[in-house]
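Going down the list, the sequences are from chains A and B. With this note's numbering applied, the first sequence covers 600 to 946. With this note's numbering applied, the second sequence covers 600 to 946.
Some hints here could point you the wrong way.
What the hints assert, rightly or not - Chain B regions said to be covered by chain A (calculated; three or more residues, Cβ under 8 Å): (1) 643 to 650; (2) 742 to 753.
To be verified - Under the rule of at most 16 Å between Cα atoms (straight-line distance), these lysine to aspartate or glutamate pairs were calculated in the EDC-like manner: (3) A/Lys908 <-> B/Glu943; (4) B/Lys908 <-> B/Glu872; (5) A/Lys908 <-> A/Glu942; (6) B/Lys908 <-> A/Asp678; (7) B/Lys908 <-> B/Glu943; (8) A/Lys693 <-> A/Glu711.
Calculated from the structure, these hints are not laboratory results. All C-beta atoms, glycine included, are put in the ideal place defined by N, C-alpha and C.
Number of protein chains: 2
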Amino acid sequence: MPVNPDVADSAFLRAARREPVPHTPVWFMRQAGRSLPEYRRVRAGVPMLQACRTPDLITEITLQPVRRYGVDAAILFSDIVVPLQAVGVDLDIKPGVGPVIARPVRSSADLEQLRPLDEGDVGFVVDAIEALTSELGATPLIGFAGAPFTLASYLVEGGPSRNHEQTKALMYGAPDLWDELMRRLATMQATWLRVQVEAGASAVQLFDSWVGVLPAEDYQRYVMPHSAEVLAALGGTGVPRIHFGVGTGELLALMGEAGADVVGVDFRVPLDEAARRVGPDRALQGNLDPAALFAPWEVVARRTRAVLKAGAAAPGHIFNLGHGVIPETDPDMLARVVDLVHEEGLA
Amino acid sequence: MPVNPDVADSAFLRAARREPVPHTPVWFMRQAGRSLPEYRRVRAGVPMLQACRTPDLITEITLQPVRRYGVDAAILFSDIVVPLQAVGVDLDIKPGVGPVIARPVRSSADLEQLRPLDEGDVGFVVDAIEALTSELGATPLIGFAGAPFTLASYLVEGGPSRNHEQTKALMYGAPDLWDELMRRLATMQATWLRVQVEAGASAVQLFDSWVGVLPAEDYQRYVMPHSAEVLAALGGTGVPRIHFGVGTGELLALMGEAGADVVGVDFRVPLDEAARRVGPDRALQGNLDPAALFAPWEVVARRTRAVLKAGAAAPGHIFNLGHGVIPETDPDMLARVVDLVHEEGLA
């Protein structure tokens, strides 16, 4: 892992380590994606999972927002189901729907689909990261993974779900099976992220997109130990671990305690309040409402400044959205946000 | 409004008034709906909005869960867009999609669709409620309305929305237009609920289903005054006002302060914590996770007891789900929950 010394000293990694920064670093969840015309061009005719397995495309798409916006970090272009497919789970990403699993997990026999992930299963990502780290120069690359709960939800429901009722039925009604499913996923995701860090990623983000559908008590009992296992497996690497979920106001403290160095905050909780919940030992990431980017620039500027102000209450602040970029977003709006954060976001 | 004295003394209304109860009252959001075979039978071939305008169907569907479960309250079978259609807004409810508005509100000219609601526009609901109150005997009937924000979201987006970006763009970017839209909706919903109370409803619930997508500061500025106007308009009637939204953990105190007598709590925040946030002057309603009903009965029983226990911390507790009944729910599970609450939910 030949770390560029300028990467280690970047504003992004300094903020993640809660060190003084020359300016508030900024990147956007889903910064590489459908909102960019250059993304739509390279993706034309290429199915999502094929793009996620093609080193040249991973590299190009990951670099696009860095070139366009000058964001302070790149994030690996991938999808949370990529390691599932890599171990042979029969699945597809259907446009307009999301991941669809051929054989949903409902019994212990269904767990056979989930053999351990081997580095050789994901050579494409090693190739892409090696190319990326040389292209990115001083810009850090964030590794990408889904957290065990969110992956389990897709596997149990068979696809996206509004109420996650099959997931909860299994979690509450068959806790031993749930535990075995989550342990397999935690081991898989730990390997998936370790491969990315060994190839050159300078940080990781563990996305628990759907975990906000659980009350804190259930999170603590059924989810947190498994997310903690993934995060702990990276402890020895020294890279900052960001942990994020949507609608997780009730869970922020626990998501920090699970082993995050940086807690991602959605747009519902102001960062000063989030800092009170998470405490002084972790940096925060967030949390401009991506829907607010559809308002006129004066509004976006005012709200960007409010996020910077509230973020100053955290011991380290990485500016981001409070959720992924909405596909219809005007890229120029994001470009102006980056410039404003760089101009005014002084620690 | 010939109020049956037994209605006034019912466990449901006593709990709403924070008075001692013989047993914890229980009803379920969406208790009348697709989970019931008798509902699917009477709805076969009848479009949703036609059912909502037909007094015999409103009456029959509203009574079905009372007959089947012996719940402590009926809720008027309706849809939040019914008053919009009654004033002439061109809309439809598409199966599997939800309400679709022909001419979304994006400018002040689009507000012309929203003339004031007149009692004569909704005679069908007066007829239904008069029939219902005689059929229901001592069981209270809850009037039903959508809150201004949630209606505004449908009107501005043109239908259901994942991110509510057009709604937020208008709210933040054109606050005067937003204010006029919300004032028209508040006046409409106040009339809509007053008609229901004058016809015989003994309580009302104002559903702000989507308001959990706003941070508290925005709720306070852009939404709360308008919800407060609706709730205040019913103050003189003396009926308890229940106010509920999904994912509103950050908003619970404000939703109470908006003028609710009972704050509905979704399943993410335990009722004892909700009681701390809402304070001693309001009862709480909730909050068994509807997805948990897909687990085995022992799990459902344990979680029902946990809700009863946490609810004892509130100055009044109406047992309910933390969100509407999921269509695939087994009705027998709900029947057992009602029995358990009635047996064990002693104040």
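Taking the hints in turn, this is what the structure says about them:
Counting residues of the segment 643 to 650 of chain B whose C-beta sits closer than 8 Å to any C-beta of chain A gives 0, which falls short of three, so the coverage hint is violated. Closer than 8 Å: that is the beta-carbon criterion, and the segment 742 to 753 of chain B has 0 residues meeting it against chain A, so the requirement of 3 is violated. Between A/Lys908 and B/Glu943, the direct Cα distance comes to roughly 50 Å. Violation of the 16 Å bound is thereby established for this hinted pair. The hinted pair formed by B/Lys908 and B/Glu872 meets the criterion: a straight-line CA distance of about 12 Å does not exceed 16 Å.
For the hint linking A/Lys908 to A/Glu942, the alpha-carbon distance of about 13 Å falls within 16 Å, and the restraint holds. Of the pairs offered as hints, the one joining B/Lys908 and A/Asp678 is violated, with about 42 Å between alpha carbons and a cut-off of 16 Å exceeded. Restraint check: the Cα-Cα separation between B/Lys908 and B/Glu943 comes to about 10 Å, which is no more than 16 Å; the hinted pair holds. Simply put, A/Lys693 and A/Glu711 have alpha-carbon atoms about 24 Å apart, too far for the 16 Å limit, and the pair is violated.
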